[in-house]
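> Single-letter residue listing:
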Amino acid sequence: MIIAPTPCYFLLKAEGDAAAQLVAELSPGTAADIDSVILVSSDFDSDISAVNSMTRSIQHIQDCTQLPATSLTTKEQYNPLYLPGNMEVLDEMLNLDARTDNIRFVGMNGNPYTLKIVEVLNDGDPLITAKLEYRPFDIPAYSDIVTARAAALN
Amino acid sequence: MQAFSYTASVKLINDRIAAFDDEYPGVTDFNAASRTFDDYNTCMVSCKTLMDDMKGRINLKSPKIVYKVGSEVNPVYSKQETISKDWEPGEVARLWIYDEKMEKSGQIHAIGQARIYTAESSGRPLLS
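So the sequence lines, in the order shown, correspond to chains A and B.
Numbering (our numbering) for the first sequence: 2 to 155.
Numbering (our numbering) for the second sequence: 8 to 135.
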């Protein structure tokens with residue numbers, strides 16, 4: 002587990018009914034004309050606040066769409082780099098390049114700065130995709146992460 | 008047959024008050040992509056309505072600065088000089104949300120921009 006030293010922000014993409022409902026709050030006359038909306042937040046010093054704000058935004062859009070809960074599927078994924086837990090979960094996000102002995106982060110769509118991804122599907126079609134990211138920083142070496150994780154668990 | 012679409016980007020924060028903060032805490036940037044329209048007028052009316060509504064929302068939360076919506080048409084079509092010099096191929100017009108006090112000074116402070124594009128008959132934007 003590592004603690005990111007940088008602020009974080011979130012991006013939220015709304016499509017289909019979600020985009021229409023979001024725009025309807027601002028500009029009812031054009032709601033049907035918009036295919037997709039991307040919202041970007043300001044920087045948060047607290048990742049907990051950012052997660053809460055992203056969750057609240059997603060919930061607000063879902064509530065507005067009034068789609069039946071049975072048609073909605075929500076997938077949430079947290080980056081184990083930033084969470085205490087089993088080292089094997091983190092290892093699943095890494096890929097060892099045998100040619101260079103480099104360890105590459107391949108989880109979270111290959112972006113190690115992503116803390117959380119949320120996907121809401123409506124009958125399998127994308128409705129809301131949200132991603133919370135830290136601003137880039139120097140990520141510690143794998144050995145340091147292992148040591149820090151062991152210390153956190155002791 | 009020509010087709011048209013638009014994109015709109017608006018900064019929702021002003022004087023540290025986010026116009027969107029009640030429903031979407033912390034959100035400061037709004038970006039939208041429209042459907043494809045069969046004619047320019049319908050596309051322009053939709054785009055102007057969106058920008059007017061966004062401006063209205065921002066002005067409600069902005070006690071000191073009053074924003075207005077202005078527009079420019081690509082000189083390729085209008086044959087008139089514009090403040091914008093970076094027109095892209097396929098771009099027909101731009102709308103701005105800007106501080107009206109800055110208009111006379113020539114230093115326009117825009118917080119929103121929408122771009123209208125013409126698209127091929129396939130419906131695919133020339134620029135994507």
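You may find that some hints are simply not true.
[Stated by the list, open to error] With a straight-line cut-off of 25 angstroms between C-alpha atoms, the simulated SDA-like cross-links for lysine to any residue are: (1) Lys71/B / Pro127/A; (2) Lys55/B / Tyr79/A; (3) Lys14/A / Pro29/A; (4) Lys14/A / Arg100/A; (5) Lys71/B / Gln9/B; (6) Lys18/B / Tyr79/A; (7) Lys108/B / Arg42/B; (8) Lys68/B / Tyr79/A; (9) Lys14/A / Arg64/B.
[Said to hold, decoys possible] The following label-pair restraints were derived from C-beta to C-beta distances: (10) Pro29/A / Gly77/B: 18 to 26 angstroms; (11) Asp126/A / Asp93/B: 48 to 56 angstroms; (12) Glu107/B / Val90/A: 52 to 60 angstroms; (13) Met109/B / Arg136/A: 47 to 55 angstroms; (14) Asp36/A / Pro96/B: 17 to 25 angstroms; (15) Lys86/B / Asn96/A: 28 to 36 angstroms; (16) Thr74/A / Asp46/B: 56 to 64 angstroms.
[Unchecked claim] Pulled from the structure, derived: some chain A residues nowhere near chain B, Cβ distances all over 12 angstroms: (17) Ser54; (18) Gln67; (19) Val107.
No lab work stands behind these hints: they were computed from the structure.
In this text, a Cβ means the ideal position worked out from N, Cα and C, and glycines have one as well.
> Hint by hint, say whether it matches the structure.
Here's how the hints hold up against the structure:
1. Lys71/B / Pro127/A: 40 angstroms, violated
2. Lys55/B / Tyr79/A: Distance ~40 angstroms between Lys55/B and Tyr79/A Cα, so the pair is violated.
3. Lys14/A / Pro29/A: 19 angstroms, holds
4. Lys14/A / Arg100/A: Given that 25 angstroms is the threshold and the Cα spacing comes to 38 angstroms, the pair is violated.
5. Lys71/B / Gln9/B: Given that 25 angstroms is the threshold and the Cα spacing comes to 42 angstroms, the pair is violated.
6. Lys18/B / Tyr79/A: 29 angstroms, violated
7. Lys108/B / Arg42/B: 33 angstroms, violated
8. Lys68/B / Tyr79/A: Violated - the C-alpha atoms of Tyr79/A and Lys68/B are around 35 angstroms apart, more than 25 angstroms.
9. Lys14/A / Arg64/B: Status holds; Cα separation ~21 angstroms.
10. Pro29/A / Gly77/B: 18 to 26 angstroms: 23 angstroms, holds
11. Asp126/A / Asp93/B: 48 to 56 angstroms: 36 angstroms, violated
12. Glu107/B / Val90/A: 52 to 60 angstroms: 54 angstroms, holds
13. Met109/B / Arg136/A: 47 to 55 angstroms: 30 angstroms, violated
14. Asp36/A / Pro96/B: 17 to 25 angstroms: For Asp36/A and Pro96/B the Cβ distance comes to about 22 angstroms; the hint holds.
15. Lys86/B / Asn96/A: 28 to 36 angstroms: Once the Cβ atoms are compared, 57 angstroms apart, the range 28 to 36 angstroms for Asn96/A and Lys86/B is violated.
16. Thr74/A / Asp46/B: 56 to 64 angstroms: The hinted range 56 to 64 angstroms is violated for Thr74/A and Asp46/B, with Cβ atoms some 38 angstroms apart.
17. Ser54: 4 angstroms, violated
18. Gln67: At roughly 15 angstroms from the nearest Cβ of chain B, Gln67/A sits farther out than 12 angstroms, so the non-interface label holds.
19. Val107: 28 angstroms, holds
Against the hints set out earlier in the document, violations occur for numbers 1, 2, 4, 5, 6, 7, 8, 11, 13, 15, 16 and 17.
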